[in-house]
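S.K.: If you're matching them up, the sequences are chains A and B in order. In this text, residue positions in the first sequence follow the working numbering: the first is 385, and each later residue adds one. In this text, residue positions in the second sequence follow the working numbering: the first is 4, and each later residue adds one.
Accuracy of the hints is not assured; some may be wrong.
Keeping only pairs whose Cα atoms sit at most 27 Å apart, straight-line, the calculated DSSO-like set for lysine-lysine is [to be verified]:
hint, chain 1, residue 1, chain 2, residue 2
1, B, 69, A, 433
2, A, 426, B, 69
3, A, 453, A, 442
4, B, 23, A, 426
5, B, 17, A, 426
6, B, 44, A, 426
7, B, 69, B, 58
If you're looking for bench data, these hints aren't it; they were derived computationally from the structure.
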Amino acid sequence: AQSVTQLDSHVSVSEGTPVLLRCNYSSSYSPSLFWYVQHPNKGLQLLLKYTSAATLVKGINGFEAEFKKSETSFHLTKPSAHMSDAAEYFCVVSGRANTGNQFYFGTGTSLTVIP
Amino acid sequence: GAVVSQHPSWVICKSGTSVKIECRSLDFQATTMFWYRQFPKQSLMLMATSNEGSKATYEQGVEKDKFLINHASLTLSTLTVTSAHPEDSSFYICSARVWQDNSPLHFGNGTRLTVT
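Isolated chain A, as found in the complex (with noise of 0.2 Å):
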């Protein structure tokens, strides 16, 4: 079984100052694993995944993430926050192709950038 859990419903950081958005996840499977981001009234938009090569993974727009078995987690980071990161950050696991289409969705963070 899959699940995944996003351990902070919301996050408020100032502008310029690091981002920490926490995810960990279960899985029976080698995961793949991806973070997302929506911007109000939009569609989710790929930041980054990971898909078993190096565990850390960088993005789009300077976020970077680790994948850390032994911790079962997989945050989310960026060294200094800007006014556009403000939005809802989703935390996806996923299964092995052949196990079907199986994508499992944290309930969401939600990032304030304070000015």
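Model the placement of chain B on the given structure of chain A, informed by the hints.
M.R.: Just chain B, lined up with the frame of chain A:
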């Protein structure tokens, strides 16, 4: 690459009418498309999964006769909300993927449906 276009972006309709939402993969062939519904301040709720050329698989609690899904080609899926009621008002999002290991979901920009 991997662009998914969803239309319309918003629609207002009267109670009892039907509304069709289109989801197109513009630069790739989507073997599978998904339809979601999103309530305010909540995560996405999967409604159904559709594979090209076959019937959609609906999630438990989703009325297949009310939410008609057609996936006639590798680049187009449609969701028709039939006999819409105010409680169907919501944000609907589609996504698409290629059937290969580790491929991510690519999302449309969503459709805001308001039923009056």
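S.K.: Could you run down the list of hints and mark each one as holding or not?
M.R.: Tested hints:
1. B:69 with A:433: With Cα atoms ~35 Å apart, residue 69 (chain B) and residue 433 (chain A) exceed 27 Å; violated.
2. A:426 with B:69: Roughly 24 Å separates the two Cα atoms, so the pair holds.
3. A:453 with A:442: Given that 27 Å is the threshold and the Cα spacing comes to 17 Å, the pair holds.
4. B:23 with A:426: Distance ~18 Å between residue 23 (chain B) and residue 426 (chain A) Cα, so the pair holds.
5. B:17 with A:426: Roughly 24 Å between the alpha carbons, so the hint for residue 17 (chain B) and residue 426 (chain A) holds.
6. B:44 with A:426: holds, 13 Å
7. B:69 with B:58: holds, 15 Å
The structure fails hint 1 only (numbered hints given earlier).
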